[in-house]
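Student: Residues in the sequence shown are numbered consecutively from 1, following the numbering used here.
Keep in mind that a hint or two might mislead.
Straight-line distance between alpha carbons at most 27 angstroms, and here's what the computed DSSO-like set of lysine-lysine pairs gives [said to hold, decoys possible]: (1) K423 - K116; (2) K237 - K151; (3) K423 - K206; (4) K460 - K391; (5) K423 - K357; (6) K391 - K206; (7) K456 - K391; (8) K423 - K151.
Since the hints were made in silico from the structure, they are not lab data.
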Amino acid sequence: MSNKVTPVPLKIQRSSIADTIAVYGGLQGADSSVFGQYDEDSQDELKQSQKLRHICSCPPKGIIANIVTSVAAAALTWAVVWSITYHESLPGGNLFGLLFLFFSAVLGGKIMGQIKLPGIPPLPRLFGMLFAGFLIRNIPFTSDLVQINVKWSANLRNMSLSIILALAGLGLDPQCTFSFVLGAVSPAIVVLSMLMLQAQGYGTDKGIPTLLIAASSCDDVVAITGFNVFLGMAYSKGSTFFNLLYGVLQVIVGAASGGILGLFIWYFPSRDQTFLVWKRAFFVMGLSVFAVLSGKHFGFPGSGGLCTVVLSFMGGLAWSNEKREVEEILAAAWEIFQPFLFSLIGAEMSIVSIGAKTFGLCLATMGASLLVRIIAAFSLASCAGFNFKEKLFIALAWIPKATVQAAIGSVALDTAREHHDPKLEEYGLNILTVAFLAILITAPTGALLIGLMGPKLLHKADTDKEDDGNGKGRQVETSSPASGHVHE
1 MSNKVTPVPL KIQRSSIADT IAVYGGLQGA DSSVFGQYDE DSQDELKQSQ KLRHICSCPP
61 KGIIANIVTS VAAAALTWAV VWSITYHESL PGGNLFGLLF LFFSAVLGGK IMGQIKLPGI
121 PPLPRLFGML FAGFLIRNIP FTSDLVQINV KWSANLRNMS LSIILALAGL GLDPQCTFSF
181 VLGAVSPAIV VLSMLMLQAQ GYGTDKGIPT LLIAASSCDD VVAITGFNVF LGMAYSKGST
241 FFNLLYGVLQ VIVGAASGGI LGLFIWYFPS RDQTFLVWKR AFFVMGLSVF AVLSGKHFGF
301 PGSGGLCTVV LSFMGGLAWS NEKREVEEIL AAAWEIFQPF LFSLIGAEMS IVSIGAKTFG
361 LCLATMGASL LVRIIAAFSL ASCAGFNFKE KLFIALAWIP KATVQAAIGS VALDTAREHH
421 DPKLEEYGLN ILTVAFLAIL ITAPTGALLI GLMGPKLLHK ADTDKEDDGN GKGRQVETSS
481 PASGHVHE
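All chains should be built: construct the whole structure from the sequences, respecting the hints.
Tutor: This is the structure we're talking about:
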């Protein structure tokens with residue numbers, strides 16, 4: 001019996017083949033997706049293992065190597081200084097105290113820089129530096145180890161102040177006069193916050209971020225100069241009329257001496273010299289420190305700051321675009337003096353010496369000052385064509401305080417110590433307490449208000465191309481940030 005094979009119709013054969021291919025393809029796609037997911041998981045595990053192997057490698061690499069290098073650098077610095085000064089570099093000596101304070105402030109600043117909150121600019125490192133000095137002063141063990149001469153700390157703070165003034169003078173815009181009647185704000189907070197808003201397009205159609213960035217430098221210069229002038233009047237002896245005359249005299253002396261020194265750095269060093277930028281930076285920094293310190297020595301504390309601003313401003317005018325390189329060198333010097341400034345301010349604050357009455361009085365004074373400044377800023381912005389929301393934002397943007405308060409907060413206390421007057425020292429400590437509280441309260445509060453209220457109060461400019469009616473697109477113009485430095 002023969003076996004017969006019944007032929008399958010061609011149409012059925014084709015459909016079966018098509019179904020087989022579809023099923024196989026589906027299985028293959030499913031398998032490939034599974035394998036793809038497996039490959040991604042394997043790659044993640046491989047990256048994690050490589051990262052762990054990199055950290056735990058021998059010799060060490062990555063974060064462990066950075067920690068070892070930083071610790072070794074700090075130890076070597078101390079060892080070199082000890083080999084030169086001996087007992088001054090041991091616990092209780094001035095150099096030991098300064099080095100301990102400096103490296104603690106740097107560590108505190110790095111820790112604070114790692115704290116990031118969504119929607120607001122990162123908290124400046126100065127908070128960590130301030131807390132480092134405060135903790136060193138108020139922890140019994142470290143307060144016994146760290147002992148710094150009063151004159152040493154005062155001179156370091158004055159040198160830091162001179163660098164801030166020189167940077168402010170170099171970045172000063174001659175056309176900026178908006179903020180002369182307002183109190184000092186913190187460039188470390190305001191500039192970073194405005195740059196964040198400007199990058200998102202908020203307020204750029206009316207140039208609000210640019211205005212606040214440029215105005216902060218002018219504002220700080222006026223506040224520092226005015227403080228020094230009135231401080232000189234407060235500590236001068238004589239009638240009220242004589243004190244007013246003395247204040248005017250300090251302004252004249254500071255402006256005249258700054259003009260003379262500014263003319264000097266206008267022409268010297270000459271453009272044909274080598275290392276021109278470094279020589280210019282040296283003269284600006286050296287003359288600034290000399291002006292601030294010698295002004296106090298000769299009885300003109302308000303003249304030194306104004307002299308520094310005028311000479312650096314004139315230098316910036318003469319160098320035009322070339323001043324940027326000088327500013328970078330001064331900014332690098334500020335990175336060195338910044339930990340000293342804020343840690344020394346924090347080290348001046350003792351919980352034991354601040355009573356509840358003094359604390360409450362300082363808070364009330366700061367609150368009243370903030371209220372007056374908000375009203376004044378809102379009123380002045382009313383004359384510039386802004387709407388209600390924009391005026392409210394401008395008023396709130398002047399709240400944060402940090403760098404300037406740290407620079408001048410201890411000047412009154414240092415001056416009182418030179419006069420050896422306990423009553424004046426008490427007043428100076430009150431001023432320092434107000435400055436300390438202002439930094440702790442207004443800086444984070446101001447940064448939070450600017451970050452949260454900016455998108456709600458400011459109009460967001462459209463940066464896309466719009467039709468101008470002729471069939472061609474045009475780019476909506478937005479303001480660019482003014483030249484300036486961020487002083488933490």
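Student: Against this structure, judge whether each hint is valid.
Tutor: Quick rundown of the hints versus the structure:
The suggested pairing of K423 with K116 is violated, with an alpha-carbon distance near 43 angstroms, which exceeds 27 angstroms. Restraint check for K237 and K151: satisfied, since their Cα atoms lie roughly 24 angstroms apart, inside the 27 angstroms limit. With a CA separation close to 50 angstroms, the supplied pair K423 and K206 exceeds the 27 angstroms bound. Distance restraint check for K460 and K391: the Cα-Cα separation of roughly 16 angstroms lies within the 27 angstroms cut-off, and the hinted pair is therefore satisfied.
Of the pairs offered as hints, the one joining K423 and K357 holds, with about 16 angstroms between alpha carbons and a cut-off of 27 angstroms not exceeded. For the hint pairing K391 with K206, the CA-to-CA distance comes to about 12 angstroms; that is within 27 angstroms, so the pair holds. For a cut-off of 27 angstroms, the pair hint linking K456 to K391 stands: about 13 angstroms separates their Cα positions. Annotation: proposed proximity of K423 to K151 holds, straight-line Cα distance about 20 angstroms (limit 27 angstroms).
The structure does not agree with the numbered hints 1, 3 stated previously, though it agrees with the rest.
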